[in-house]
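Trainee: Given chain A, put chain B in place with the hints provided.
Top to bottom, those sequences are chains A and B. For the first sequence, counting from 1, position 237 maps to 237 in the working numbering; every step adds exactly one. For the second sequence, counting from 1, position 45 maps to 45 in the working numbering; every step adds exactly one.
Derived by calculation from the structure, the hints in this document are not laboratory data. Accuracy of the hints is not assured; some may be wrong.
As the list claims (entries may be wrong) - Partial pick of chain B residues on the chain A-facing surface, computed with a CB cut under 10 Å: (1) Gln31; (2) Leu72; (3) Val142.
Just so you know, these numbers come straight off a predicted model, no measurement behind them. Glycine residues also receive a C-beta, built at the ideal position from the N, C-alpha and C atoms.
Read off the chains here:
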Amino acid sequence: MSSIATKRPLPVMVIATVFLLLWLVIAAFPFLWTTWGSFKVEGDFFSKANWLNAIIGPLTTAETGASFTGQGYYGAWVQEEFWRAAMNTVIVCVCVVSISLTCGTLGGYALARSGFRYAFWFLFFALIFRAMPPITLVSGYLLPFFEWNLWGHLYTTIIVLVAINQPFTLWMLHSFFKNIPADLDESAMVDGCNRFQAFRHVIIPIMWPGVITTGLFSFLLAYNDFAVTIMLLTKENQTMVPKIVSFLGTTQTKGNVMFAVAAAVSITAPLFVMIMFFQRQIVSGLTAGAVKG
Amino acid sequence: MKHSTFFWFVLPSAILMLLFIALPIVSVVTQSVYAAHEQVVVTVENCGPFGCTQTTAIDQEATQALREAEPLGKYVGTDIYTDRNHLAFAEVGGAWREAEGLPDFGAALMNLPFYRAMAFTLTYTFIVTPLTIIAGFAIALVVNTVAQWLKGPTIFLSLLPMVVTPIVGGLALFWMVDARGILGGALQWLADDPTLSVKADTTLMWIMLMVYGVWHSAPFAFVVFYAGLQTVNQDTIEAAIIDGASRWERIRYVVIPHLVPLTTFVALIQLMDNFRVFEPLVSFQAQAHAQSLSYFIFSDLGGETRLLSSAAATSVLTIIGVAILLSPVLVRTYRDFTPRT
Numbered sequence: 001m002s003s004i005a006t007k008r009p010l011p012v013m014v015i016a017t018v019f020l021l022l023w024l025v026i027a028a029f030p031f032l033w034t035t036w037g038s039f040k041v042e043g044d045f046f047s048k049a050n051w052l053n054a055i056i057g058p059l060t061t062a063e064t065g066a067s068f069t070g071q072g073y074y075g076a077w078v079q080e081e082f083w084r085a086a087m088n089t090v091i092v093c094v095c096v097v098s099i100s101l102t103c104g105t106l107g108g109y110a111l112a113r114s115g116f117r118y119a120f121w122f123l124f125f126a127l128i129f130r131a132m133p134p135i136t137l138v139s140g141y142l143l144p145f146f147e148w149n150l151w152g153h154l155y156t157t158i159i160v161l162v163a164i165n166q167p168f169t170l171w172m173l174h175s176f177f178k179n180i181p182a183d184l185d186e187s188a189m190v191d192g193c194n195r196f197q198a199f200r201h202v203i204i205p206i207m208w209p210g211v212i213t214t215g216l217f218s219f220l221l222a223y224n225d226f227a228v229t230i231m232l233l234t235k236e237n238q239t240m241v242p243k244i245v246s247f248l249g250t251t252q253t254k255g256n257v258m259f260a261v262a263a264a265v266s267i268t269a270p271l272f273v274m275i276m277f278f279q280r281q282i283v284s285g286l287t288a289g290a291v292k293g
Numbered sequence: 001m002k003h004s005t006f007f008w009f010v011l012p013s014a015i016l017m018l019l020f021i022a023l024p025i026v027s028v029v030t031q032s033v034y035a036a037h038e039q040v041v042v043t044v045e046n047c048g049p050f051g052c053t054q055t056t057a058i059d060q061e062a063t064q065a066l067r068e069a070e071p072l073g074k075y076v077g078t079d080i081y082t083d084r085n086h087l088a089f090a091e092v093g094g095a096w097r098e099a100e101g102l103p104d105f106g107a108a109l110m111n112l113p114f115y116r117a118m119a120f121t122l123t124y125t126f127i128v129t130p131l132t133i134i135a136g137f138a139i140a141l142v143v144n145t146v147a148q149w150l151k152g153p154t155i156f157l158s159l160l161p162m163v164v165t166p167i168v169g170g171l172a173l174f175w176m177v178d179a180r181g182i183l184g185g186a187l188q189w190l191a192d193d194p195t196l197s198v199k200a201d202t203t204l205m206w207i208m209l210m211v212y213g214v215w216h217s218a219p220f221a222f223v224v225f226y227a228g229l230q231t232v233n234q235d236t237i238e239a240a241i242i243d244g245a246s247r248w249e250r251i252r253y254v255v256i257p258h259l260v261p262l263t264t265f266v267a268l269i270q271l272m273d274n275f276r277v278f279e280p281l282v283s284f285q286a287q288a289h290a291q292s293l294s295y296f297i298f299s300d301l302g303g304e305t306r307l308l309s310s311a312a313a314t315s316v317l318t319i320i321g322v323a324i325l326l327s328p329v330l331v332r333t334y335r336d337f338t339p340r341t
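Isolated chain A (complex conformation) (with noise of 0.2 Å):
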């Protein structure tokens, strides 16, 4: 590492150090301040008088008596029912990443394994798919939904998500697959496994690190998303993402912005975790597709 190449003069450090820091600001300070402020009331939230209401919290403590509350929590998840709808998305989410990684293991071996024509135009189409933008579906998928009574309910919104994400799980386990030399499955095949028992037996015990990291990324575009959930589900159904913003469309009695504010807190912590976790696997998936290829 102390090659001359890795050697930096003063200046060149400073401008780094400085950019870098201003970055880590940008990127966090968002997350840092509506968190603090969550625990504040909605007049020192957003005050006008001093932006450092915000912080001290003067309307808080004439208001509640201490210089921290609850409210926006309490008014969120036990008066607004925010709980039901995290429940129902801990549903969603379980449902999606274990049935698309069901499918995807599947068909990404498959198409890691087959040296036909044909694997090649599945992957090409599945790329088209890919760039589809979910809200043109949506727009497919509301007449036949409402024609046929599965508008609304939990588990076509998990069925959709799972196939809007099959594509892009699809291309991750399919170069994950193509890195597993096909020695393994070919000398059980040898030995008389079939195809499946091969998969089963060898491949199976030493897919999970590819499997988890493309886990990571269904269940992120399983709890992010808007497009299809808003659209789909009924307001009893409600996941998380719909719910806050619902919150943000009853803004006139005072204090909802709160919930709001609240909620967007709460749906934020599990993420936290998750990076702080899984973040080799966050890295790792995200380059497998750029820097291999």
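Mentor: Structure of chain B alone, referenced to chain A:
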């Protein structure tokens, strides 16, 4: 792998994609050439002691029955595509004849909702994409200089804007630039104008949306470039130093050429993703100042009267736009997979 084995392995994925991606495209195209039935109007003659009056009334039952019998509506061909809310051929033609010079014609186009949405989407796509690449590259360069033990936390913080739910990230920024928020207050102080509000100003709103766009996607470009920087050949760098290359020349002639393939990859992904920009417009409640194609579809689908046909026509036009943007990616993929002779 045998054909039949391949078939069974890919069957679940294939069925899912056929049913929920390929068929909806067909459905969108079909819906876009049908329009909802108009209400059935009946003329009733009321005769009273002072003579007869004719009144027209809407026959609710008949309308309902007709709409249920043919949910698609009636066939109208390309009428929806050419109406005022979409390609607006008549209005564009009129504007072209009456306009005095190109700027005037452009201003007339901006009054048509579809062209306005198109203009925002394209501006957003072609401004945010290059800025994202530059920002991502700069961040990757400086993170690469950080001490080893600091790299983990640095990457953690840098990933936040991308991983956090787009709606929530957008809201966090929106609350800060609110006239009563910290950034909004700072802007008013800088401009010395206490009435300045991002919510009320079209130009500021566009800038804010693009700032959000760069903020949201820069981490992706950063991660890809950062991984690329790890594979730059150190020997080449040292050779360049011995040959007397300055710091900037080393970046310009060694590092950047090494990263060019990654740049095309990032650019293509970003073009696709920025073209469907949608969530920030919801977070920023920007519909009065900026509409993207995706948002245009969304607002047709929502609300009391779901304008399915109108949304379908916009969807078809959007898909055509995606296809045009996507063609270089497809050509590249095709070349990568075709065996080189």
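Trainee: Would you settle whether the hint for B/Leu72 is holds or violated, based on the nearest Cβ-Cβ distance to chain A being less than 10 Å?
Mentor: Hint on B/Leu72: holds, closest Cβ of chain A at ~7 Å, below 10 Å.
Trainee: Any CB of chain A closer than 10 Å to the CB of B/Gln31?
Mentor: 6 Å, holds
Trainee: So, B/Val142 near chain A? Judge it on the closest CB pair being under 10 Å.
Mentor: For B/Val142, the interface hint holds, since the closest Cβ of chain A sits about 4 Å away, which is under 10 Å.
Hint compliance for this structure: no hint is broken.
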